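In terms of full-length UniProt numbering, the sequence shown has 81 at position 81, counting the first letter as 1, and numbering is strictly consecutive.
Mixed in with the good hints, there may be bad ones.
Unchecked claim - Label-pair ranges, simulated between beta-carbon atoms:
(1) P59 - L287: 32 to 40 Å
(2) P211 - P96: 45 to 53 Å
(3) A205 - G184: 29 to 37 Å
Honestly, the hints are just simulated from the structure, not real lab data.
In this text the structure is predicted, and so the values were computed from the model without any measurement.
Ideal placement from N, C-alpha and C gives every residue a C-beta, glycine not left out.
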Amino acid sequence: MREHDSFGPATMRRGRRKFDDDEPDFLKRGRPAPQLKEDPDLPEVGDRWSTWDGSLKGPEPRPDWVRTEYGAVDTELGMLKTGKEADVHLVRRAVPGTDKVSMLAAKRYRDGDHRLFHRDAGYLEGRRVRRSREMRAMTNRTSFGKEMIAGQWAVAEFGALSHLWQVGQESGLVRVPYPVQLIGTELMLEFIGDWETGEAAPRLAQVRADPDTLAGLWTQMTDALSVLARAQVAHGDLSPYNILVHEGRLVLIDLPQIVDVVANPQGADFIARDVRNVGAWFTQRGLTVDIDELLDRLLYEAGLR
Numbered sequence: 001m002r003e004h005d006s007f008g009p010a011t012m013r014r015g016r017r018k019f020d021d022d023e024p025d026f027l028k029r030g031r032p033a034p035q036l037k038e039d040p041d042l043p044e045v046g047d048r049w050s051t052w053d054g055s056l057k058g059p060e061p062r063p064d065w066v067r068t069e070y071g072a073v074d075t076e077l078g079m080l081k082t083g084k085e086a087d088v089h090l091v092r093r094a095v096p097g098t099d100k101v102s103m104l105a106a107k108r109y110r111d112g113d114h115r116l117f118h119r120d121a122g123y124l125e126g127r128r129v130r131r132s133r134e135m136r137a138m139t140n141r142t143s144f145g146k147e148m149i150a151g152q153w154a155v156a157e158f159g160a161l162s163h164l165w166q167v168g169q170e171s172g173l174v175r176v177p178y179p180v181q182l183i184g185t186e187l188m189l190e191f192i193g194d195w196e197t198g199e200a201a202p203r204l205a206q207v208r209a210d211p212d213t214l215a216g217l218w219t220q221m222t223d224a225l226s227v228l229a230r231a232q233v234a235h236g237d238l239s240p241y242n243i244l245v246h247e248g249r250l251v252l253i254d255l256p257q258i259v260d261v262v263a264n265p266q267g268a269d270f271i272a273r274d275v276r277n278v279g280a281w282f283t284q285r286g287l288t289v290d291i292d293e294l295l296d297r298l299l300y301e302a303g304l305r
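Kindly generate the complete structure, drawing on both the sequences and the hints.
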């Protein structure tokens with residue numbers, strides 16, 4: 001469990017990129033953090049009151065660094081990452097006048113007019129809503145339907161992280177950021193990196209490892225994939241660019257497109273794509289891995305063989 005109870009203010013270092021952007025030429029546009037309607041007055045310090053009280057909470061038992069105090073305030077520290085579906089911001093949540101501080105990654109999904117939906121169809125197979133009007137709107141990509149899809153992405157990622165975080169606590173075989181809260185289409189997560197400097201942990205794609213370290217990371221990777229398969233889900237977009245390496249551990253991120261491999265008719269294909277994407281990276285760095293053997297085992301563990 002993380003212990004970060006006495007940090008000074010984290011600052012973003014000018015001129016240093018925290019994450020490699022999904023789209024290098026994408027213009028970074030900051031968006032104001034949502035403010036609860038019932039709390040219109042701004043705090044004396046920080047950018048907004050904590051939205052904890054009006055949110056869907058993460059799983060219990062919560063890490064002791066999670067700030068649940070009503071008097072906590074959020075301070076925006078800058079952009080961590082831009083992406084096709086969401087932007088991620090670094091936020092410090094603290095209780096003024098105390099040393100109670102946490103560092104969060106606030107993932108804010110784009111609205112229906114600013115998101116790219118070219119990848120939605122395959123991932124959304126197997127996800128259904130009860131009302132036929134809503135299902136038609138999503139299928140036809142109306143403005144209302146796009147908002148419904150954006151909400152599904154946020155809810156799906158929050159649910160996936162909540163489940164996998166609990167599994168990871170019990171098994172030690174998979175690690176994801178702790179999902180602190182969900183409110184609307186803003187998902188607030190544990191920030192994986194240096195809480196004092198605001199420097200994010202590197203992506204796997206950025207890591208240069210010796211053979212022994214590489215073999216250890218591959219073992220972690222296969223363990224995590226096995227956990228996903230036994231839960232009958234696939235990451236759906238796994239690659240060295242959405243896996244972080246922090247304190248020697250792999251941390252899976254970006255799970256809005258998580259796939260129920262039983263309900264989705266393309267479930268086996270999603271598992272195969274995840275395996276081949278990460279397996280190719282390790283192979284290119286000189287590690288001998290049997291991708292086909294791993295894929296056969298995962299499909300069996302998922303109940304697809």
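Worksheet entry | C-beta pair A205, G184: status relative to the range 29 to 37 Å that was hinted | Holds, at about 31 Å.
Worksheet entry | Satisfaction of the hinted span 45 to 53 Å by the C-beta atoms belonging to P211 and P96 | 49 Å Cβ-Cβ, so the 45 to 53 Å window holds.
Discussion item. For the hint 32 to 40 Å, verify it against the beta carbon of P59 and that of L287.
Written reply: With a Cβ separation near 34 Å, P59 and L287 satisfy 32 to 40 Å, so the hint holds.
The structure fails none of the hints (numbered hints given earlier).
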